[in-house]
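J.: Next come the chains, spelled out residue by residue.
2 protein chains.
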Amino acid sequence: MQIKEMVMLKQLVLETIKNKELINYGEGIVVGISGGYDSVCLLHILYSISNELGIKIYPVHVNHMLRGDEALRDENFVKSFCSSLGLEVYIKHIDIAKKAKTEKISLEEAGRNARYEVFSLVAGERGASKIAVAHSRNDQAETILMRICRGTGLEGLRGMEYKRDNIIRPLLDADRSQIEEYVNGIGVEAVTDSSNLHTDYFRNRIRIDVIPAINIASGSDITENLLRLSKIVVAEDDYLRYNSELYYQKSVLSERKMYTELDLNVLDEIHQSVRLRVLRIAIEKTCGTLNGWGYIHLDKLNNLIENGRTGAQIDLPHGVAAVKSYGSLILKEQGKEHQEQFEKKLIIPGETEIQRFGLIVKTEIYKFETNKSCRQFINNNEKVNTKFIDLEKVTAMGENLQIRNRRDGDIFKPLKSNGTKKLKEYFIDNKIPRQVRSTIPLIALNKDIVWVIGNKISDNYKVTDNTKMVLKITFIQKKKN
Amino acid sequence: MQIKEMVMLKQLVLETIKNKELINYGEGIVVGISGGYDSVCLLHILYSISNELGIKIYPVHVNHMLRGDEALRDENFVKSFCSSLGLEVYIKHIDIAKKAKTEKISLEEAGRNARYEVFSLVAGERGASKIAVAHSRNDQAETILMRICRGTGLEGLRGMEYKRDNIIRPLLDADRSQIEEYVNGIGVEAVTDSSNLHTDYFRNRIRIDVIPAINIASGSDITENLLRLSKIVVAEDDYLRYNSELYYQKSVLSERKMYTELDLNVLDEIHQSVRLRVLRIAIEKTCGTLNGWGYIHLDKLNNLIENGRTGAQIDLPHGVAAVKSYGSLILKEQGKEHQEQFEKKLIIPGETEIQRFGLIVKTEIYKFETNKSCRQFINNNEKVNTKFIDLEKVTAMGENLQIRNRRDGDIFKPLKSNGTKKLKEYFIDNKIPRQVRSTIPLIALNKDIVWVIGNKISDNYKVTDNTKMVLKITFIQKKKN
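Chains as they are written, first to last, in the numbering used here: chain Y, 33 to 513; chain W, 33 to 513.
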């Protein structure tokens, strides 16, 4: 009877390994072993299927030096258990209390960090490609419930993964009771993993008090229910991740270290929940991590998109600033100005496109026998995105008109003004925010600005009584598909 | 100080009412009042803003007859409290214990059902368009935690809604402590709602034991964390719902009471998590409810789609059967056969489309001077979806070829067989499942079947040595966009 159950657990673990593709034939595997039931069971099962899978097993035990004699007892147990299987165990003593104090982190965190550091070290030395840890389905349920209690989103409800980087969890489908029976079945007295009972206070309260109390009061099995919720969330969240990646790709205009630019038109049209995920992807791409970022920052970013004025800027963690620019949201280093340059010869007559910014500039020529007909274009300035200029004044210099953003040394004589000034001064006079100046498209003749698009044209090229040919310039901001 | 906090709570409730559009100007509102703090607070706040909102308030108290004197004490308190506000209260005595016993439901369920029945009754009598109930943000967090414990998906994590049908929850953003302070502030001794302490055992354990224990052990506020999770889930779930509705519309071929047909090509191409939601929509449309349906049934349905053979059928709750048909999944009444008829004249030469089934039948004519050239088409049967028949044999009768599904009385003489038989017998002989027979497209000349598409042609119309004109018929199953 007991043997039948042991075979069943082994079978279950083999299925998990196969279905989740945890182990490849012939791999070396570091197995963390505390001496508690879970890790003893894991090591024994992996040992017992090592020939079948052609795997090489490297047990690793970390003595946390927290509990003196008890820790030594655990260490000795692990030694003798491993040697009974003919396995050599790698043992490392680390003063976790000291580490926790030095690094100003909790004992649990220090212990966990130390263990994974040692596991990785041994894996590197032995050429092992995987590190197996012994979390059970009960650990999984506890982890999820702890995250719910401490605050989480869908991400946290997914629970621990069967495989993440080189960490694998072959026991994640196994129940703690099955594991204990298995260990009893092989005739081994695993140590009562006393670290469980002391170091992670919150987990122990969840395990020992909260879950049993809930099960009694609800008359149902919260472990089962949490794991089912987790499975549902994994499926739903995978779909949302997939969709968000699609929309990120659709919205991204520019992406490099500490600089990401997203198309506001795309951000505008996508559902709020996907938009927040797109922003998270953008943040991670910009500063390489999501650590230190919370819902409050996403909210601020989202608010900037929805309600911010063009040019508005907010400061965010990791020295990142967000700017709402013309048609785009820019994530960049605080204090650094956006200086992506673009420049294209203006096609006359015809359409010139700056794909990167989703701009089209259309030009048409109006030619007249007498200049009287041109008079209708004088002072015709009511449309923001359509302007008329004197074509002959432009072509007189033998140079081509350009559509571009600003350069150092640009000059501008605004319509009806007396003198030429630096473009920068014009921007300052007109209170155009520093952050967006480089995103404003300009029509230029060398350094002389002909039209600050969305703003004034130059007095130098205006239509007058003497104009014989009018160039009509229309600016179109394309919607991105 | 106390007054300031009372004003703040009133302000908060007003904002909830405004943001969630709970109340329209001038509406009549039934307010459920137990005499406990929450409902006393709700009634008082609604009363105090009734002039501002032009609303008419109808307090309703249901005496559950569960606690004798105590219940009477509550009733009397409610009476005097309402009369102090100049409001007439509607009071109804219902023997909840008896109701629970008769209907074989729990006391909580019987109580809840009874209350909402009375609220609706009074709303109808008084022409009130809303029913206000006094759930607070703590109730919300408790509800979500209870659902997590007992098992839920994203749906359950959304929590109670601010507005559902005509039920509104104006206190859903208010904290229990604020509510108690408010009630103390107006100088009223609300009854300790003793029903809370007795009827819903599980909720009370969650409220009194579990949540405080978790807060102490985790050092954080689980109520806050659950509510934030709920907000995240609402946003994510809304998006998934929206998407699923889109995909349902994309996949549905036919929809009526106890009959829904979905395009398998569409179901195949969508993400698993959205597919399960599409199936839920289909189930709800088919049998009008999701009660009695669980994950196990969705799993079975999903498995039928992924692994079932054409013609496979499973029985599901509410007398629903699911059939995997040619190119579609059918949800229908158990035992009832699918009999949706389609029929169209075959265009020769040209293309005939049965849009409903995503079918195209293409015909081409090959005409020859000598019949020798026709010989290549004799016994040319290797392609399942392309057949050749003698055009003159078809047109000899002066009738048109039809593309349709089967009718009673159809006859068929399979190629190379000796005699004509009923089409039904042919289906039986060839083990074509009963459930899919009506979905098989046929080429027919009156009652005589020319080609069972995907199967044999008729011996009557085959190409022979004497054939002068060949009709090539190609069957195309379109992918739906």
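One should not assume that every hint holds.
A pair counts as met if it fits within one copy or between any two copies, since identical chains are not told apart.
[What the hints assert, rightly or not] Below 27 angstroms or equal to it, Euclidean Cα-Cα: the simulated DSS-like pairs (lysine-lysine) are:
1) Lys88 <-> Lys399
2) Lys136 <-> Lys399
3) Lys52 <-> Lys332
4) Lys454 <-> Lys376
5) Lys504 <-> Lys425
6) Lys52 <-> Lys500
7) Lys425 <-> Lys52
8) Lys332 <-> Lys50
9) Lys50 <-> Lys448
It is worth saying that the hints were derived from the structure and are not from the lab.
J.: Next, verify each hint and record whether it holds.
T.: Each hint tested on the structure:
With identical chains, the CA atoms of lysine 88 and lysine 399 are never at most 27 angstroms apart, being 84 angstroms at best within one copy and 72 angstroms at best between copies. In the homo-oligomer, the alpha carbons of lysine 136 and lysine 399 never lie at most 27 angstroms apart, since the shortest distance is 77 angstroms inside one protomer and 91 angstroms across protomers. For the homomeric pair lysine 52 and lysine 332, the shortest alpha-carbon distance between copies (22 angstroms) is at most 27 angstroms, but the shortest distance inside one copy (39 angstroms) is not. In the homo-oligomer, the alpha carbons of lysine 454 and lysine 376 lie at most 27 angstroms apart inside one protomer (22 angstroms), although the nearest pairing across protomers, at 75 angstroms, exceeds that limit.
Proximity of lysine 504 to lysine 425 under the C-alpha cut-off of 27 angstroms is restricted to the intra-copy arrangement: shortest distance 14 angstroms within a copy versus 71 angstroms between copies. Taking identical chains as interchangeable, the C-alpha atoms of lysine 52 and lysine 500 are never at most 27 angstroms apart, the minima being 76 angstroms within one chain and 62 angstroms between chains. In this assembly of identical chains, lysine 425 and lysine 52 lie within 27 angstroms of each other by CA distance neither inside one copy nor across copies; the values are 71 angstroms within and 60 angstroms between. When the C-alpha separation of lysine 332 and lysine 50 is checked against a cutoff of 27 angstroms, the pair qualifies only between copies, where the shortest distance is 23 angstroms, while the shortest distance within a copy is 44 angstroms.
Taking the shortest Cα distances, lysine 50 and lysine 448 never come within 27 angstroms of each other, neither inside one copy (77 angstroms) nor across copies (50 angstroms).
Checked against the numbered hints given earlier, this structure breaks hints 1, 2, 6, 7, 9; the rest are met.
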